[in-house]
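Asks: Sequence:
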Amino acid sequence: MEAVARLKDVPTSPRKMRLIADLIRGQRVSRALGLLKYQPQASAAILQKVLLSAVANWQQKNEDERIEDADLYVKTIFVDGGPMLKRLRPAPQGRGHRIRKRSNHITIVIDSAAQPVLEQAEAQTPENEN
Numbered sequence: 001m002e003a004v005a006r007l008k009d010v011p012t013s014p015r016k017m018r019l020i021a022d023l024i025r026g027q028r029v030s031r032a033l034g035l036l037k038y039q040p041q042a043s044a045a046i047l048q049k050v051l052l053s054a055v056a057n058w059q060q061k062n063e064d065e066r067i068e069d070a071d072l073y074v075k076t077i078f079v080d081g082g083p084m085l086k087r088l089r090p091a092p093q094g095r096g097h098r099i100r101k102r103s104n105h106i107t108i109v110i111d112s113a114a115q116p117v118l119e120q121a122e123a124q125t126p127e128n129e130n
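For the sequence shown, position 130 (counting from the first letter as 1) is numbered 130 according to the UniProt record's numbering, and the numbering increases by one without interruption.
These are calculated hints, taken from the structure and not from any lab test.
Treat the hints with care, as some may be off.
Stated by the list, open to error - Okay, derived cross-link-like pairs now, DSSO-like style, lysine-lysine, Cα gap no bigger than 27 Å in a straight line:
1) K49 - K8
2) K49 - K75
3) K16 - K75
4) K8 - K101
5) K49 - K16
6) K49 - K61
7) K8 - K37
8) K101 - K86
9) K8 - K75
10) K61 - K37
11) K37 - K75
12) K49 - K37
13) K86 - K8
Based on the sequences and whatever the hints tell you, model everything.
Replies: Now the structure itself:
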């Protein structure tokens, strides 16, 4: 059973956030949290909070299962561009240069790696073939 966490309008450029998101794509949740904890970028702390929120959402959906037994991993993570604030910066000779302050939206989907193995085992039993 998968769980989703979203964070919208993060005031960081999507390009910077994607660099950190690429590090944890497909990783186990425990390893991803360890990677994010020691990254020097400010984006890592934001992604760590969103990942912890996804774990809490998974725990809310699956109250009867333990996190240790579930073997959670980051199924998908993507960073989309958000609204852009446009500002003008004074430039020489009376001109103005446009400054674009970018933002992004983060979506993380986590899933249990143990779940597909159980479903495959049930599908291969002789009782289901009849």
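Asks: Against the earlier hints, flag every one the structure doesn't satisfy and list their numbers going up.
Replies: Violated hints: none at all, because every hint is consistent with the structure.
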